[in-house]
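Those protein sequences? They're chains A and F, same order as listed. Just so we're aligned: the first sequence equals residues 127 to 265 in the working numbering. Just so we're aligned: the second sequence equals residues 93 to 463 in the working numbering.
One or more hints might be untrue.
Said to hold, decoys possible - Some but not every residue of chain A turned toward chain F, in silico, with C-beta under 8 Å:
id, residue
1, 140
2, 147
3, 190
4, 205
5, 208
6, 225
Derived by calculation from the structure, the hints in this document are not laboratory data. Where is the CB? At the ideal position from N, CA and C, for every residue including glycine.
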Amino acid sequence: MTEGIEPLLSLCLADSRQSYSAGDELICEYQIDAVDPADIQAVEASVVWYTEGKGEEDMGVHYFERRLPGDADDGDLRPMRRLRTRLPHSPLSYLGAILSIRWCVRLRLFVRRGREYVLEHPFTLGAVPAGVIQPVIVG
Amino acid sequence: MARLFRLLEKKRGLRRTGSNLMGGVGEALFCGAMFLLGVLSLTALIGVQVVDPDPASYAIGVGRWLLILVMASFAVIGGGGLIWTVLRMGTSAERRGAMARQASELDLLREAIPRPRHYPAVPTYEGLTNSPGIELAYRLPPSQSPGWRLLATTIFAAAWNGVSCVLVVWAVGSHLAGRPEWFLTCFLAPFLAVGAWAIRYWLRQIWLDTGMGLTTVEISDHPLYPGREYQVVLAQHGHIRVKSLQLWLVCEEEATYRQGTDIRTELRRVFEQRLSHHTDFRIEPVEPFQASILLPIPAPAMHSFHAPHNSVQWKLLVRGEVEHWPPFERGFPIVVYPGEATLRVERSAKVGRHALRSHEPVVAGSAGAKV
């Protein structure tokens, strides 16, 4: 690995979108730089939801891919790669009182000596409004 | 300013503030030491017995068997913990999650129980639609069966008062024998008070469950979708004079977390709407109260959500005040699916309606966080 320099992880959602409807296709490109290809042990890209708040964290993996140097043509996992996945109908992003549900694309790089680097790109799924829902007036 | 480290505070949850790697190494060392201690001690015990057999030391009451049991448990727990820690190290949470998802998709039980395929983390509703209603499509089951609560109360009251009786006999015996146990006598007062409270609660529970009469809620359709309206029939049986009977639509968030060795659950009501309110009427056994009520689900409502430690639960809540009876509440869970209004996002919207405030937006090109 290039001594003294942290690996550079890049993650970019297509059209720079921040919000997705359920069933939309999420397209994301990621790239790794400033690291010797021989130092890279594995790269994991995933689309996950997780909870935040008072309770223990729950996490769900919607999409996951793990690539090893053997999976790349020349053993180099650094070049740009595109992932695409169709998003599910739930759980929708949510900002509640003691519970929040968040979505993100997560890129995890494993390098030599057990070191890991993570980059996340959050996005929202659906349009559940934050705060108090107004009761429906009947009649 | 950094928060002061509180020595007497229990650690909350499984979150780590330090390095995951160091934490893993620490766990592995601890489990490894435990395993070694167990194995070496067992080897020594068995070796001594082989070299110099002493059957007397294995007699009942000497404690050698207990020592072997403790050391074997050290070896098993330490070895198991070591294997678990080593397997977990170097495996990301996402990879573990993906493997768990694959395993759950192969689950035979899952195939037997129909689950919403395109709605992950939305609870199943098969238990809510297997009882047909008389007026409407389904009769909803109560969230907590009164029988289980009564059974739990009965066991607690019986066990507590059984122990109380033994202690009372002991204390009275000591006084009659002229060697009064004053500490036990003083200790008995709060003990008996709790026993009396348990019996009172038990009797109240019997009274409520047997005398109040059944509350039933029927619904026109299930699962429910935000933005739509449904029909509900509320029925209350019994021989009572009702001061007030209300039906509420309620949404609650539930969060479970570990604090030290305790598991705590916090419930927060985030939405409630009164759907009906009936006052001052009489119910006869031959003529139960019945009301048809409109149930609108708010269009922007969050759907039902269920994960191991967190959930969003919707339910219909019946609150009653009856003459000469304690007030009561009975809940009937429902499952709300994501609605059209919340599934779709305006394509023109650059930023979601609730931006992820606790995260700094990560732009392409920035360096990743080292973990």
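> Which numbered conditions among the earlier hints are violated in the structure presented, ordered from lowest to highest?
Replying inline: Hints 1, 4, 5 not satisfied by this model.
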